[in-house]
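*Asks:* Here's the letter readout for the chains.
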Amino acid sequence: MIQDAAKPQALAPAAPRAAAINRDLFRQASVLIGCVALFAIFSVLTSSFYQPSNLIDIMLQSAINAIIAVGMTLVIITRGIDLSVGSIVGLSSMIASDLMSQNMVLGIVAGLVVGLVCGLVNGLVIAKLKLPDFIVTLGTLSVYRGAALIYTNGQPIYGLPEGFRAAFGGQLLGVPTPVLLAILVAALAFFLVRYTALGEQIIAVGGNEEAARLSGINIDRVKIIVYTLSGLLSSLAGFVLIARIGAAEPIGGNGFELQAIGAAVIGGASLFGGVGNPLGSLIGALTLGGLQNGLTLMNVPSFWQYVASGLVVILAVYADRLARPRR
Amino acid sequence: MNAVALSEGTSTTRRPMLAMRGVSKTFGRVSVLNNVDLTLRGGEVHALLGENGAGKSTLMKVLFGIVTPEEGVIEIDTLGAVQVESPRHALSLGIGLVSQELSLVPQLDVAQNIFLGQTAGLDIVPRGRHREEAVEILKSLAPHLRVDTPVSKLGMADRQLVEISRTLARGGRIIAFDEPTSSLTPQERDGLFNVIRGLRNSGKAIIYISHRMDEIRAIADRFTVMRDGRVVATDSMKGYTDAQLNEMIAGRELSLAMEGRPPGLEREQAPLLELRGLCSERVQGVDLTVRPGEIVGLAGLVGSGRSAIMRAVFGVDALTAGEIRVGGAPVSIREPKDAMLAGVALIPEDRRGHAIVPMMTIEQNFGLANQKRFAWFGALRGAMRRAEARKYVSDLQIRPSAIVTPIANLSGGNQQKVVIARWLATGARVLMFDEPTRGIDVGAKTEIYALLRRLAAAGVAILVVSSELPELLLLSHRIGVVNRGRLTQMLDNGSHLNEDILMRHATAGSLS
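Line order of the protein sequences matches chains A and B. Quick note on numbering: the numbering used here labels position 86 of the first sequence as 86, and the sequence is numbered without any gaps. Plus 1000 on top of the position in the second sequence (first one is 1) and you've got the numbering used here.
These are calculated hints, taken from the structure and not from any lab test. Among the hints, a few may not be true.
Computed cross-link-like contacts, PhoX-like style, restricted to lysine-lysine with a CA-CA straight-line distance of at most 25 Å [stated by the list, open to error]:
1. B:Lys1372 with B:Lys1391
2. B:Lys1372 with B:Lys1337
3. B:Lys1139 with B:Lys1153
4. A:Lys130 with B:Lys1337
5. A:Lys128 with B:Lys1153
6. B:Lys1372 with A:Lys128
Start from the sequences, fold in the hints, and give me the full structure.
*Replies:* Structure (structure tokens):
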């Protein structure tokens, strides 16, 4: 259907402009429509889904994934993938909460630095050693998780400062701070992709790496930056996680990578590179969060929810495959 | 044996072995094949003529099931109308394609490659039988080949023979050759011609694509000329002179533009680009100078190292020795960024693979090499970039002129102009063009030639690599010949120089 819609336009002289804008609009619109449709369905199927308190709950539950998904989106636009995000959540939140017992600011800074360094290592290995992103981050997924377990010998850390919990798990003007954080992060990333030279380089690297290189763009630098940002945002998401739970577990963030990739792809990012929108990923995270919440309300066992969200992610990738114009 | 083969050949001449009728194909907005007919008789070598971008290769891809046409039928004498769905299907229909990029697996041996894909699923591969049959096929075709040699150890000519054998092993009757001699020495070429003549005499139908008129003369019985995706003429080779054929290939419009040689040049100026003993993995000790206003052409066989010289200068391939000077000063170029800063530009051969980002607009593609200039502390200066992009779009007559058009929707010629604009905007003083008109229609080609001359007149130094020798003779003040990584000749362009002389130099010393 998408191809049919694009074809007649392609023949008219003034068409390319319209076709391009339409394709982008179509992508964004279908992301939003999909989300709204899902929410509408659950509102009909259950009596509690559309209650304001539940909707805020969904936003709150989706916020952590949204923050990670924004970083993941940047990586995916470069035609990369970051499987280690969940482990970075675990490791950075462990170290942050441990140091927070001495000094809150020290803990926060340390947590962010850990996330940044983890991402930097991913980026350096991928860009400089020219290793496949998939294998590198699959490896560091295990390495960072192992480090988190080693750090406290597998024990959780309890007792976080109240100020920290209020900042990352509280409310501001009636809106949960995690939601505000997610929106802020997505908006900043949107600005980065749309209105900065770096953003355009990120698209160019994913769209045609060789063309970008032959245009004098520093490919390595672009890759290192996106993986570093992905790591940094993962540690930020880790703060929200532990602030809400009130404790840090070494296995925290387990499985987050699929959720984040799912949110990015549902939000319109293409695993084939060169395409993606951080604001779309925000909606993608909301869609996945709504799906899980709705299934829970319908008393679908949580084991089945794994199956459902996995299938939805694969479906989204397939939709992207279909939307790609074929040669 | 010969008599039998001949009678088979003549008996099938009445009815074409292959008929392609009304084949049309568009890519995006560009019509690459427009109602194309091609008929082929058994026992003939049929030359498919046309410039780069005329649609010959696409037609072959349709025949071989790589590209699905929007319209048209393919008829085979023994089978009637067929729909070729895939290369695998084409092979089973008796159609084979020997292209520049061969579809062999280098790690497997000759016999394995010949029978690759013939055993299905989990069936045990009958190695012994395959070897015997391979020996049988190779006996007449290439008796010097051993069936257990890994293909990775074979040269280009032998690999082609393996590819042909594979087609024959499938009972191939229609075999297309797409520029098979572009990387062969004259001796290897003669060998290939003998093989092709043998195939013809045994009643096969051969399609032969080449740019070299002397090859066409030597081997073809009939011809079809394509231009801009249409068939211009199809007839017997007899009764046509080379000049007549060339005129049909180029079209009247281009033959006018093809006239003349580049305007004169002041030779006193110091060179803008100077290479001293340039060496890389594929380039050996190249000395070369290009003065401001000068266009220097580089001729040579495919794989001779023409493009490798450009890649070395541009920092794509690492230098192992030698010096690059731009405007008299030595520069250190380790990556494309360094070349860019030194005022050197490369417009690569593979536009889709190496030059454009398809999901970006004209404006964004234009801006790619100018990211620093079009940004203020990292934020894009949209208004400034738009203004400049519009200026180049109107100056180079890029169509469509809306700069928000995705570049994927442009024709090859217009995409090329955007890439050229990208580099002009960097203020580059040395422009290197690798096959500047590959896959570009005739009209755009003329425009690109005019643009190159205009740029030279404005004092830029230009280096051009091209496989189309008439193009080099038209554009260049001097032409260098590259042979096995070395610059073996540097010839002043003039009426004394022609394609034959260039070709002789390009293939010289290949006897060993």
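*Asks:* Decide, hint by hint, whether the structure agrees.
*Replies:* We went through each hint and held it up to the structure:
no. : hint                     : result
1   : B:Lys1372 with B:Lys1391 : 19 Å, holds
2   : B:Lys1372 with B:Lys1337 : 12 Å, holds
3   : B:Lys1139 with B:Lys1153 : 20 Å, holds
4   : A:Lys130 with B:Lys1337  : 19 Å, holds
5   : A:Lys128 with B:Lys1153  : 32 Å, violated
6   : B:Lys1372 with A:Lys128  : 23 Å, holds
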